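Visitor: The numbers in the working numbering rise by one with no breaks, and the one at position 42 of the sequence shown is 1241.
It is possible that part of the hints are untrue.
Distance windows between CB atoms, simulated [stated by the list, open to error]:
#: 1; residue 1: Ala1266; residue 2: Pro1432; range: 53 to 63 Å
#: 2; residue 1: Asp1426; residue 2: Glu1259; range: 44 to 54 Å
#: 3; residue 1: Glu1227; residue 2: Met1292; range: 35 to 45 Å
#: 4; residue 1: Gly1322; residue 2: Arg1252; range: 22 to 32 Å
#: 5; residue 1: Arg1294; residue 2: Leu1430; range: 40 to 50 Å
#: 6; residue 1: Gly1429; residue 2: Gly1322; range: 39 to 49 Å
#: 7; residue 1: Gly1289; residue 2: Ala1231; range: 25 to 35 Å
#: 8; residue 1: Gly1321; residue 2: Glu1258; range: 21 to 31 Å
#: 9; residue 1: Gly1318; residue 2: Asp1391; range: 29 to 39 Å
Hint data in this document are derived by calculation from the structure and do not stem from the laboratory. Model, not experiment: these values are computed from the prediction. Cβ atoms here follow ideal geometry from the backbone N, Cα and C, with glycine treated the same way.
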Amino acid sequence: MTSIKDAVVFVTGANGGLGQQFVKQALERGAAKVYATARTPRQWHDERVVPLRLDVTSEESVAAAVAAAGDTTVVINNAGIYTHGDTITGTSMQRIREIFETNFFGAVLVNRAFAPILGANGGGAFLDVHSVLSWLGVAGGYSAAKAAFWSATNSFRVELAAQHTQVVGLHLGYTDTPMISMVTDEKNDPADIVRAGFDGLENGEHEVLADDRAVAVKAALSGSIGDLYGLTPAAG
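Please build the complete structure, drawing on both the sequences and the hints.
Guide: Printed below as a string of structure tokens:
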């Protein structure tokens, strides 16, 4: 388990709805410092917050951030992009590649870059932000990229256990952030999701199912694909 109190926290996608809550709640839990990163960093009204420029799709940008934040002990891997209505058959391959560059390759790049930093600083923790769509292929390239990142998180967890790094996957359904402002379904409060993520981190959990939808879908994975997607038997 990893305490946020006195930790040095590095947040990717800090300008977004979840990202802002990660910064805010880390401070409330007593973080010593928070690196708030984004492609265009904003100003924060707390001397413990250090804004940093970060483009997770750029190896040079990630390397520069690592060099500037070598005292990090907790990484919140939150940056992501989403296009409502995306499909695996209709969305352009260029856009699918863009989604993977941020949501998979960029996220993996961040963890790979910070793994030795966390190890050198005592182990620390990664909190990887996934989605219920990691388990449901209903959002095209986004679902595919999040499924891939979920798998990578499981690999990071196994491979980094020897250096005592905790790796937590955070799964959530639709949450009220600007990224999905066009979605009309019922949404979670971002503050509740971040609270659940930090609670899980501090309680030593490996995976956090932050809402009822995540719990239900994870449980449904043990059933049939037909039941999960409401499909009739395939024609023979």
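Visitor: How does the Cβ-Cβ distance of Gly1429 and Gly1322 compare with 39 to 49 Å: does it lie in that range?
Guide: holds (43 Å)
Visitor: Okay, Gly1322 versus Arg1252 on CB: inside 22 to 32 Å?
Guide: Given range 22 to 32 Å: holds, Cβ gap about 27 Å.
Visitor: Range first: 35 to 45 Å. Now tell me if the beta carbons of Glu1227 and Met1292 are that far apart.
Guide: The hinted range 35 to 45 Å holds for Glu1227 and Met1292, with Cβ atoms some 43 Å apart.
Visitor: Can the suggested window of 44 to 54 Å be confirmed for the beta-carbon pair Asp1426 and Glu1259?
Guide: holds (46 Å)
Visitor: Is 25 to 35 Å a correct range for the gap between the Cβ atoms of Gly1289 and Ala1231?
Guide: violated (47 Å)
Visitor: Evaluate the given range 53 to 63 Å for the C-beta pair formed by Ala1266 and Pro1432.
Guide: Given range 53 to 63 Å: holds, Cβ gap about 56 Å.
Visitor: Measuring from beta carbon to beta carbon, are Gly1318 and Asp1391 in 29 to 39 Å?
Guide: Taking Cβ atoms as reference, Gly1318 and Asp1391 lie about 32 Å apart, which means the hint holds.
Visitor: For the pair Arg1294 and Leu1430, does the Cβ-Cβ distance stay inside 40 to 50 Å?
Guide: Violated, since Arg1294 and Leu1430 (Cβ atoms, about 26 Å apart) do not stay within the stated range.
Visitor: Is 21 to 31 Å respected by the C-beta to C-beta distance linking Gly1321 and Glu1258?
Guide: holds (26 Å)
Consistency note: the structure conflicts with the earlier hints numbered 5, 7.
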